[in-house]
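Could you put together the complete structure from these sequences and hints?
Each protein sequence line maps, in turn, to chains A and B.
Quick note: the first sequence, position 98, residue 153 per the numbering used here, numbers continuous.
Quick note: the second sequence, position 67, residue 203 per the numbering used here, numbers continuous.
No lab work stands behind these hints, which were simulated from the structure alone.
Beta carbons are placed, not taken as given, at the ideal position from N, Cα and C, and that holds for glycine.
Hints should not be assumed to be uniformly reliable.
To give a feel for the contact side, a few chain A residues facing chain B, derived at Cβ under 10 Å [claimed, not checked]: (1) Val59; (2) Tyr80; (3) Asn96.
Chain A side only, calculated, beta carbon under 10 Å to chain B, not exhaustive [said to hold, decoys possible]: (4) Gln61; (5) Ser83; (6) Tyr87; (7) Leu99; (8) Arg149; (9) Gly162.
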Amino acid sequence: AQSVAQPEDQVNVAEGNPLTVKCTYSVSGNPYLFWYVQYPNRGLQFLLKYITGDNLVKGSYGFEAEFNKSQTSFHLKKPSALVSDSALYFCAVRDTEYSSASKIIFGSGTRLSIRP
Amino acid sequence: NAGVTQTPKFQVLKTGQSMTLQCAQDMNHNSMYWYRQDPGMGLRLIYYSASEGTTDKGEVPNGYNVSRLNKREFSLRLESAAPSQTSVYFCASSESRQGSPWYGYTFGSGTRLTVV
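Next up, the structure:
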């Protein structure tokens, strides 16, 4: 079965320090991978995606993610955290099983808390 | 552009009541989706519509029905609400075309539903 795992429910980082939010996936075939962010009482916003090409993907708000095929991981990173980065982050993968529409499977989410 | 618009934003229902959640998109996307978000469980797909006139069940369809009224609108109906349907509901849309890259979803801002 295809799946996405986010092993950490919460990540706490001091402002100015680098941050990493972990994600591993399991799909058949080539993965389409995504990161979304959700601020309180808001919908999900697209951060970045990996479809093909360079393993390091750059996205919005200074975030980047590294695709590692051998480890089936797609960790989200930022060199210097801001308090405003505090939010709920979802890793997601396109469902590659046949379907009439392209569907996304979401991880359970990681709450990122940046302390001043 | 409004993107994906959901109404209402908040709703409280009594057990057994019915209601319809509305979703409309103005991006001319062909596919639309309904997800529910529960703490620690990420987003789970309820129903989706690959194109106007078609609907399919997702991971958690029981207790729900949907209607793809036209290309813009995709509604979710709870015929007899239950406390287990207390959740935040998100509508999303995407564009899928043969031979073109897929860029994921655009989400609405959500409907927070409480069933008492």
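Structure-based check of each hint:
no.	hint	verdict
1	Val59	holds, 8 Å
2	Tyr80	violated, 13 Å
3	Asn96	holds, 8 Å
4	Gln61	holds, 8 Å
5	Ser83	violated, 17 Å
6	Tyr87	holds, 7 Å
7	Leu99	holds, 5 Å
8	Arg149	holds, 7 Å
9	Gly162	holds, 6 Å
Going down the numbered hints, you'll see the structure goes against 2, 5, while the others check out.
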